[in-house]
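Colleague: Every letter in the sequence shown is one number past the one before it in the working numbering, and letter 36, counting from 1, is 18.
Derived from the structure by calculation, the hints contain no laboratory data.
It is possible that some hints are incorrect.
Dumping the calculated DMTMM-like pairs for lysine to aspartate or glutamate here, alpha-carbon to alpha-carbon at most 25 Å [claimed, not checked]:
1) 49 x 74
2) -6 x 82
3) 49 x 82
4) -6 x 60
5) 81 x 19
6) 81 x 60
7) 49 x -13
8) -6 x 52
9) 46 x 82
10) -6 x 74
11) -6 x 79
12) 46 x -13
13) -6 x 26
Just the calculated beta-carbon pair ranges, DEER-fashion [claimed, not checked]:
14) 73 x 19: 34 to 44 Å
15) 86 x 21: 18 to 28 Å
16) 85 x 22: 16 to 26 Å
17) -5 x 56: 36 to 46 Å
18) -1 x 26: 28 to 38 Å
19) 86 x -17: 20 to 30 Å
20) 85 x -6: 17 to 27 Å
21) 53 x 79: 40 to 50 Å
For clarity, every value in this text was computed on a predicted model and none was experimentally measured.
Using N, Cα and C, we set each Cβ at its ideal position, and we do this for glycine too.
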Amino acid sequence: MLSDDMVRSALKNVVDPEIGVNIVDLGLIYNVDIRDEGRQVVVDMTLTTPACPAGPQIIDQAHKEVKALEVIHPSLNDVNINLVWTPFWNPEMMSQDAKDELGYF
């Protein structure tokens, strides 16, 4: 059965190309909802800014990484990535590892 941890682990493969840190550690993933006994995954995420030029690329890659989980969970057939702006992202949302890597104190 798919789990939140498995989805977040897959999403760690998505790196913001401008910052060089994965979207999970950046704090861009707000919610992972696994529905219908693992047949559907809905991810609520944001970007560091609404004007992020890499936004479409990041969202597309997030979709592909979650969808790739169907190899080990064949029942997964629907992945939705919802782009949300509430709450608005700020650097405090980053993991401690990301803050350390970026020198944010």
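Colleague: For the pair supplied as a hint, residue -6 and residue 74, is the alpha-carbon distance within the 25 Å limit?
Modeller: holds, 18 Å
Colleague: Is residue -6 within 25 Å of residue 60, Cα to Cα?
Modeller: holds, 20 Å
Colleague: Are the Cα atoms of residue -6 and residue 52 separated by 25 Å or less?
Modeller: With Cα atoms ~17 Å apart, residue -6 and residue 52 stay inside 25 Å; holds.
Colleague: Would the hint linking residue -6 and residue 79 be met if the CA-CA limit is 25 Å?
Modeller: holds, 13 Å
Colleague: Using the C-beta atoms of residue 85 and residue 22, is the stated range 16 to 26 Å upheld?
Modeller: With Cβ atoms ~39 Å apart, the hint is violated.
Colleague: Within 25 Å, alpha carbon to alpha carbon, are residue 81 and residue 60?
Modeller: violated, 33 Å
Colleague: So does residue 86 sit 18 to 28 Å from residue 21, Cβ to Cβ?
Modeller: Given a distance of about 38 Å, which is not inside 18 to 28 Å, the answer is violated.
Colleague: Does 34 to 44 Å hold as the CB distance between residue 73 and residue 19, or does it fail?
Modeller: Taking Cβ atoms as reference, residue 73 and residue 19 lie about 37 Å apart, which means the hint holds.
Colleague: Straight-line Cα separation of residue 46 and residue 82 no greater than 25 Å?
Modeller: At roughly 28 Å apart (the allowed maximum being 25 Å), residue 82 and residue 46 break the hint.
Colleague: For residue -6 and residue 82, compute the direct alpha-carbon distance and say whether it is at most 25 Å.
Modeller: holds, 17 Å
Colleague: Is the Cα-Cα distance between residue 46 and residue -13 25 Å or less?
Modeller: holds, 17 Å
Colleague: Next pair to validate is residue 49 with residue -13; report whether the Cα-Cα distance is within 25 Å.
Modeller: Holds. Residue 49 to residue -13 sits at ~15 Å (cutoff 25 Å).
Going down the numbered hints, you'll see the structure goes against 1, 3, 5, 6, 9, 15, 16, 17, 18, 19 and 21, while the others check out.
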